[in-house]
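Novice: These are the residues of each chain, in order.
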Amino acid sequence: MRLRWFQRKHEFEQGMNEELRDHIDRQTAANIASGMAPDLARRQATLQLGAVEGVKEDCREERRGFWLETLWANLRYGARMLRRNPGFTAVAVLTLAIGIGANSAVFSAIDAILLRPLPFPNGNQLMKVMQHNRTVKRQLWFVAPVRVEDWNRMNSTFQAITGYYTEDDSETSGILPEKVTRAFVAPRFLQVWGIAPVLGRDFSPEEEHVGGPNAVIISDRFWRRRFGGDPSAVGKTLRFGEYSETIVGIMPPSFLFPERDVDLWVPAPPDAPVAQSRDNTWYTVIGRLKPGVTAAQASANLAAVQSQLGKQFPKPDADITVDVQPLKETIVGGVRRSFWILFGSVSLLLLIACTNIVALLLARASQRQHEISVRFSLGASRTAIVNQLLAEVFLLALAGAALGLIVAAAASKVFRTLAANLPRVEEIHLDARIVLYSLACSVVATILCGLFPAIRSARKSISISLAQTSGRQVSTRNPVQWLLVSVQVALAVTLLAGAGLLLRSFQALGRVSPGFDASHVLTFHISGGWGETVDMKGLTQRVDRTIEYLQNVPGVEAAATTGALPGVPSLYQTELKILEGRADPERKTIAEMWFVSPGYFATMKIPLVAGELCREKPYSANVVAEMVVNRSFANTYLPGLTAVGRHLQVPGNTFVPAGEIRGIVGDAREGGIAREPGPVAYWCMSAPLPDPYYLVRTRTEPMAMAETIRRKIHEIEPSRSVFDIAPLEEHLSDSFSEDRLRMVLLGFFAATAVSLACVGLYGTLSFSVTVRQREVGLRLALGARRGQIVTQFLFQGMGACLLGCVAGCGLAAAFSRLLSGMLYGVSPTDVVTLSSVVFIMLLVAALASLVPAIRAARVEPMQVLRNE
Amino acid sequence: MHGWGIAQRIQQVSKEVLQVQQGSLYPALYRLERKGLIQAEWGASENNRRAKYYSLTKAGREQLQKELAEWERLSSAVALILQRA
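Heads up: the protein sequence lines correspond to chains A and B, in order.
Residue numbering for the first sequence follows this note's numbering, starting at 17 and increasing by one per position.
Residue numbering for the second sequence follows this note's numbering, starting at 18 and increasing by one per position.
It is worth saying that the hints were derived from the structure and are not from the lab.
Misleading hints may appear alongside valid ones.
[Stated by the list, open to error] Derived DSS-like pairs: lysine-lysine, alpha-carbon spacing no greater than 27 Å straight-line:
# : chain 1 : residue 1 : chain 2 : residue 2
1 : A       : Lys553    : A       : Lys728
2 : A       : Lys72     : A       : Lys25
3 : B       : Lys83     : A       : Lys25
4 : A       : Lys195    : A       : Lys593
5 : A       : Lys327    : A       : Lys144
6 : A       : Lys72     : B       : Lys52
Chain B on its own, in the form it takes in the complex (with noise of 0.2 Å):
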């Protein structure tokens, strides 16, 4: 998916409540693709212009498998912590 996309997608899904603040979106982006969790390809867009679309490698997966499991544990937590007192 291309940078404007995940952008449209995280504010859709998560029902306009997380506003992605677009200029921070990008250097993420380069940052997850130099550590090697995300790759880009170059393709054509709907307009016959250039345009970079991403992938989740299998690293990036693996990652994304890990950084689920701790935010279950996380949040879990806090439920119990609320839910007692």
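Isolated chain A, as found in the complex (with noise of 0.2 Å):
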């Protein structure tokens, strides 16, 4: 192909030699004709023409494919240029490695986050349904099975809607039981996700149907840990307890829904006689919508089956509202903002990475003033100029955008680690989009970059470059590269704010008092299931045989159950009825409800503040359970009165009976350190759940203690399983995952932005010191002492610093709003934050502006003043 370039080449040039050959013998033909001596007229002729090479020139722009070659040469040109200085290149080629590497890793994550739909056929039509009962305080959206099969059946805007619910269990074909977790799922699941099993099949009609055979499609995690990849597992089957279950089929290692640990999923029977009420709230409902219909259509369509179905079944259908999101939306919702500040940041770390090369570029683009002005002496436009300055930038940035694709790879690594408790993080990968998205940045990069050095030395006033080359000048200004400086330090200002803000909040969070002691408290969970429900009676009975066995277990304090983990942030309120008194239709009585064993306040060292705690009775359905509650009830709804004797009651529901106050206990934090201790209200249940939280309060080390623990509970309930182990600290550190992240991810940033906004001081001061040698030479020589020569230098450094510096504070005040919603404790604003920010940064850019300060100082001017 080369070849052919070159021969086609080739015949151009011949071919515009001839023609403009024969022109001239024409016009010389045509002069004779008129006239003239045949010497004088061929002279005239090629007057006429005008310079020959030059119009030569001009043809060759038209010829095809001219630009290209254009590029072609530029680019070369600017490699060799770039070879010749290889630490210039290094440095820049590693800025924008870092700018674009970083830039690339987060919008990895966006993209695979937030803008990707989901992982499946057509993933934008899946959406969760969710159902709002109007007379009911507590917002549940779970839907009853019967009511999901008629939605599915009576609307016109979804091709299939199912449900699901999920749930642990014991797995005892083993030697020990093993915890797995099960997904009950409605017919057509498989037919909404739209994926198949990779082996076997779906489940059958007969098995969606009660008294069909039993039927489990498992996960491939659970295949490849409990048989290997084994493809015979098809057709074993499972057991637990005392039924069993085939594998009729194996689902594909990307699938991972509803939840990520799901191990099996069965078909949970419509036509089930316990599944027949409407008043059930078991099951999360999805649906795939029909091609071409929106959420808004599907969601009015709905409403109109529900109304429907009101008229049908007045109670409870009639208060119920129908509300249809699309499910990418509600999964990802919560995590949206934080990723958008964390790609502002990652830009802001970018800009100032550009602006560190346009300073050197600036730098060295006065030492190419002379080539540059030869080459307009020869003719060249400034356009082709600019071209070939902006040539070598592009090279830099592409090589930089290379480099960083490397740097994204190892980041998207680290992410995933740090992140792995946010929505869809497994598919975080590299791909085609985000090597174009590497390169589109290389090109902004290249044009914030490279577009005013080259302007500004592609100036055709020759004679000025000329005189400033030579030498004859002594002293240069250039304020354009001192403002690149405050330029970068104020925004490595606004990123250092920022992530102190973050970091003082988490402080702050760390030294909140929790009113109980996470400390040597391990917890766990022992295998249960929902049909243990209808015998009340039988199952506290168990659980609390099973806490007394705990108690006396050797190395145990105390032991308790709780239905929730206290300090993990939930937001479960419920409107609460004081039987004695009147009640006040004004101020409703709404407090959070807490199901814990007896034990629970010992076992947590919540202090006892009036009253007595519950009793440790064995449970029987005609005495009034026993609650007790925290200061802040007491002071809220009954100031002044004594709260112990009188009775509690959550208006509408059966499963919860009306307790009576047995005592205050102190407040606690048990929602959430974040939160201030709102009005609880303890109900001494042990077994509010199948399998509630254990709580077990250790002499030794926690875990220390979970061999001991899980063979114990072997010895008495050996059919279930111990699982979730876990010290209760590691739980509530689990909870500030998120802040952590972005507390690092935002401190690293900072950290990168402050390095690189130093190293463009150092570089600047350090090419001012080298241009101004002379100056300093003949200063010293008419008697300035070297330490005043230091001073100076540090001053005009410093004096950079310092500007930026203020305008950095200006722009952090303006978007540190922006985090208000992830503080704690610590206003956007807060002055001690923003001055230790400017002290950090002045204290760095004195060290930045001392070594070249100092080497300034080190000029012999006798030297300096020679090489003249």
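Take the two lone chains and join them into the complex the hints point to.
Specialist: This is how it looks when you write it as structure tokens:
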């Protein structure tokens, strides 16, 4: 192909030469015909044509593919120039790699989590369907199976609607019972998702009816863990206590829905007797829209269906409204804001990196002024020179982007480990889209970095530039470069301020006294199924027996159960009714409800303030349940009255009986450390669920007791598995994981920004020192002291930095408002943070300025002046 | 027609009012050829040397009509204004 291109070029040149020569011949002939002498005629003809080389150049420009050749020539020349200054090239490429790489990494996360549709065929059609019951205070969006079937049958906008719920169970075909997470799914489950089993098949209609064969589909993870990936697993049976289920299918490894750790899926027959009540709130409902239908249309359609059902079944369907939301939105909506803040920070970082490159380019441009002036005098156009300078920068940006992809790949891996709790993290990976994005970044970087220096360099005032480079002038001012340094410092201060605020907020959270003692507490679950709730008495007896057994284990100081983990954020508030006294219609009694065993307060070391704790006694249906309230509840709803002896009830709830208040305990931040403790009512019920959280206070390290406890439980409950064993403190720190991630990332960006700003400051000051060597030499010869020189340059550097700090404080004050939702205990314009940020910046800048300043003072005046 | 001939023709027909800058003629011809409005053929000139002869293409003719119509509109508009004024 190279040969053909050569050939074509050669043909073109030949043709052009012949044509021009033909033209001159004809003109000569015409001239001769009008009476001129032959050689005069030829000379006239040539003059009339004009400067032949110039005409040829113009013709060459019009050739097809010319601009491509020019681009290629520019790139090659640029590569040669860059090779000649390896130091500059290395610094520039590294800076750009950091800027573009970080940007690409964050973008890959945003792309995978926020932008891309869910990893299912036509993922945009998947919707989450929720119900709201106007009469129930607790907002549960779960739907009864019968209603799901009605919706599926009567709607006109969905391809299919299905539902599921998850529960833990014990698989007993091994030596020790193994805990598995099981998803109960309504019919059409796999149809809605659009994914088929990779081995085996979906459920058959018989298996989806009561009395049919027990079938189960297993997940890829469970398959590999249990059967080692053996394809003959299809057809084997799993045992759950007294009944067994046959494996009919295996799902692909990427199918992690509805939750990441679901091990098996079993059909929940819609015609089972227990599933017939319309008041059930079991299923999370998802549906797949028909092609071309919008969520709004589906919402309206289901609303119409529901009102029909409301006429047919006034109780409870008349009170129920339906809401349809895109499934992706419900999954990722919560983290959207964090991510865009991250993207903003990383773009600031890229901006700083680009500013650095601009400063470097400006410094280098003054060295190439001579070359450019010569090219101008040879007839180059301004555009041509700008193009050539831009091509150099583009090469730098391309190299930076390529290196940046490596940085991005590494950063992605780190991010995935740090952010394992975020939704859809497993879908982050680098692919063509990210590469394209990197390329776009490098183009933007080229324009940002290269345009200004290129245009500035390509000035046609030749005399000025030649005079400058001859060295007759003694000092040069470069205000633009100092402005750039100030800009960098300002941006770095902004990022540093943001990171500082997050850090202080995190520290404040850590210092909050939670009102309970979370150290030396082990938590775990013991498997139990919801089927046990038909016999609440038996269930409570079992749990009480387990608690008592645990308390007698050596090394255990106290044991208890609770429905939810203390300290983990939850927003579970209910309206209560105080049975004694006048009910105040204006002021509702709203409190959090906790279900704990009587030993909870001793285990968590929550102090008793008045009255007594609940008695540990056998469950009896006729005795009024006992409960305890916290100090906040007593002060808010029963101020000045004795709380002990009053009764509380949850109106409309048959599950929770009216309770007699036995005592008042201190306030504890169980609902989340970041929230002020509100009114809490503790029901003394050891088994609100079949598998509550068990809390055990140990004398020694909590995890050291894990094996002992597991074996002891196995002694009394051989068919149940013990799982999720972890110290309570680990759960508490997990709930901060998103805050911690943000803080770590922003801190990292801020540190990088500060170092980049310092590199920029050092480089600019260094260059200034080099350029002003002659001036310094002159002053030293005229009697200035070296100390004065050092101070002067130091102040120059610090001055630019101070300007940048002031601007940065202003920027920080404006932008930290964005963070205000994520801060605890510190305001967005916290003075301490801002002043310490400025102090750090000035300190670092002073260090960066010191080295070139000292170097400036070491100039030998005689040597410098002699070099004139 | 070959390049020199085109330059002469323009000068002749406009009665020497339009003097063609001969240096800018050839780049313009090359540009038109690249845009596909004219096509070139190598042929033998009067003294048996190679010469390039240009002719309009179909696209060139269409473009010419368009430009003529534009020119008509523009010149009649200017004439109207000058009449009225």
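Novice: Work down the list of hints and note, for each, if the structure agrees.
Specialist: We went through each hint and held it up to the structure:
1. For the hint linking A/Lys553 to A/Lys728, the alpha-carbon distance of about 23 Å falls within 27 Å, and the restraint holds.
2. For the given pair, A/Lys72 sits about 13 Å from A/Lys25 by alpha-carbon distance, which is consistent with the 27 Å threshold.
3. For the given pair, B/Lys83 sits about 34 Å from A/Lys25 by alpha-carbon distance, which is inconsistent with the 27 Å threshold.
4. Using a Cα cut-off of 27 Å, the hinted pair A/Lys195 and A/Lys593 is violated, with the two alpha carbons roughly 39 Å apart.
5. Using a Cα cut-off of 27 Å, the hinted pair A/Lys327 and A/Lys144 holds, with the two alpha carbons roughly 24 Å apart.
6. Among the hinted pairs, A/Lys72 with B/Lys52 is consistent with the structure: their alpha-carbon atoms are about 19 Å apart, no more than 27 Å.
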